[in-house]
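Colleague: Next come the chains, spelled out residue by residue.
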Amino acid sequence: MHAEAGFLTSRLEEAIGWARKYSIFQYPFVTACCGMEYMATACSHYDVDRFGAGLPRFSPRQADVLFVVGTISHKIAPVLKRIYDQMAEPKWVVSFGVCTCTGGFYDNYATVMGIDTIMPVDVYIPGCPPRPEYVLDGLLKLQAKIHAEHATGRRPGPEPRPELTP
Amino acid sequence: MNASALIQAVKDRFPAAVKAAHAYRGDATVVLAREFLLEAAGTLKEDPAFQMSYLMDLTAVDFSAFGKKPAHAFFASSGVQLQPSPDIPDPDPWPGPPGPERFAVVYHFFSHRLKHRLRLEVPVDEDDAEVDSLTSLWAGADWLEREVWDMFGIRFRGHPHLRRILMYQEFAGHPLRKDYPVNKRQPLIGPVN
Numbered sequence: 001m002h003a004e005a006g007f008l009t010s011r012l013e014e015a016i017g018w019a020r021k022y023s024i025f026q027y028p029f030v031t032a033c034c035g036m037e038y039m040a041t042a043c044s045h046y047d048v049d050r051f052g053a054g055l056p057r058f059s060p061r062q063a064d065v066l067f068v069v070g071t072i073s074h075k076i077a078p079v080l081k082r083i084y085d086q087m088a089e090p091k092w093v094v095s096f097g098v099c100t101c102t103g104g105f106y107d108n109y110a111t112v113m114g115i116d117t118i119m120p121v122d123v124y125i126p127g128c129p130p131r132p133e134y135v136l137d138g139l140l141k142l143q144a145k146i147h148a149e150h151a152t153g154r155r156p157g158p159e160p161r162p163e164l165t166p
Numbered sequence: 167m168n169a170s171a172l173i174q175a176v177k178d179r180f181p182a183a184v185k186a187a188h189a190y191r192g193d194a195t196v197v198l199a200r201e202f203l204l205e206a207a208g209t210l211k212e213d214p215a216f217q218m219s220y221l222m223d224l225t226a227v228d229f230s231a232f233g234k235k236p237a238h239a240f241f242a243s244s245g246v247q248l249q250p251s252p253d254i255p256d257p258d259p260w261p262g263p264p265g266p267e268r269f270a271v272v273y274h275f276f277s278h279r280l281k282h283r284l285r286l287e288v289p290v291d292e293d294d295a296e297v298d299s300l301t302s303l304w305a306g307a308d309w310l311e312r313e314v315w316d317m318f319g320i321r322f323r324g325h326p327h328l329r330r331i332l333m334y335q336e337f338a339g340h341p342l343r344k345d346y347p348v349n350k351r352q353p354l355i356g357p358v359n
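If you read the protein sequences in the order shown, they are chains A and B. One point on numbering: in my numbering, the residue at position 79 of the first sequence is 79, and numbering is uninterrupted. To convert, count from 1 in the second sequence and add 166; that's my numbering.
A portion of the hints provided could be inaccurate.
Unchecked claim - Away from chain B, derived, C-beta distances all over 10 Å, residues of chain A: (1) L55; (2) E89; (3) Y109.
To be verified - Below, computed lysine to aspartate or glutamate pairings styled on DMTMM-like, alpha-carbon distance capped at 25 Å: (4) K75/A with D316/B; (5) K177/B with D193/B; (6) K211/B with D293/B; (7) K75/A with D291/B.
Hints in this document: simulated from the structure, not taken from any laboratory. Each residue gets a CB set at the ideal place from its N, CA and C atoms; glycine is no exception.
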């Protein structure tokens, strides 16, 4: 009885994780030229609907994956943070393009040096812009992450940093 | 009118205002004294000889670091020469900055009817960085002048609402000035990075 209950709980979470990873409702926060590549990925040639991420929601209340696509300036950073805060848990963030990952080739007064300075990021997709295959690979990695989180029942912590030796 | 005829026409009309003029690479350029700007722009727009109905661009240049730093050798490793060979004569050398003043406000005008274009350069100094606003003549000057104020800190006398347009209101300083530190960051949220 005891073992069967444990078995049932685990399978339920597995099923929830499976369902969640194939029903990604994304919020595209598109600010720059990466948006073209995002659209190419989303449309029928590459077709993110094959992975269950075909319905973008333009309200953060209805979305569970925030796609940050394009350069984020210091002026728009509070807006992005607010969008993130408005999304309901569980939520994930994809950093699309090298500008959102690190600031890219911008190193100036206007640009945020990577959105991970203002919010947690789950998947980084570098590239200027990333090719659609690259984006789909990132999406699959995000799906694996979503699935893994619910199999264990909690979000896995960050990987331990390798010991720095002089 | 071609470039030299246009320059001559402007000189004839405003003999006291034109400080210098050249037609570098075929583009008519007139360096104008600041106090004549509004009058000259009005004439260029309305006068049948000019009919410059279109303000194409309005921007500024900070010459404070000009000639004081060596140019970055972008192409040095590629073997491309940084300076043109002295064996190749340059019949039309660049005439240099418009004056000893720190800034120059640059206006580009175009006439749709007569198909000629003119560049006005108005030198302004740092301690009195102010020129007349052209918003009374071209409504399109509004945002361009706000951008110049935002980036260079040059004020426009008579502008209806001169405030920042690109940077946020909390931003201190003017980032395209050459003395704005290239590493200075003023984030609204998050760490300084």
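Colleague: Now tell me if each hint is right for this structure.
Modeller: Hint by hint, here is what the structure shows:
1. L55: Holds: least Cβ distance 30 Å, greater than 10 Å.
2. E89: Consistent with the label, E89/A stays out of reach of chain B, its closest Cβ about 21 Å off (over 10 Å).
3. Y109: violated (4 Å)
4. K75/A with D316/B: holds (14 Å)
5. K177/B with D193/B: holds (16 Å)
6. K211/B with D293/B: Answer violated: K211/B to D293/B is near 30 Å, above 25 Å.
7. K75/A with D291/B: Not OK: K75/A and D291/B at ~30 Å, beyond 25 Å, violated.
The structure fails to meet hints 3, 6 and 7 from the earlier list, while all remaining hints are met.
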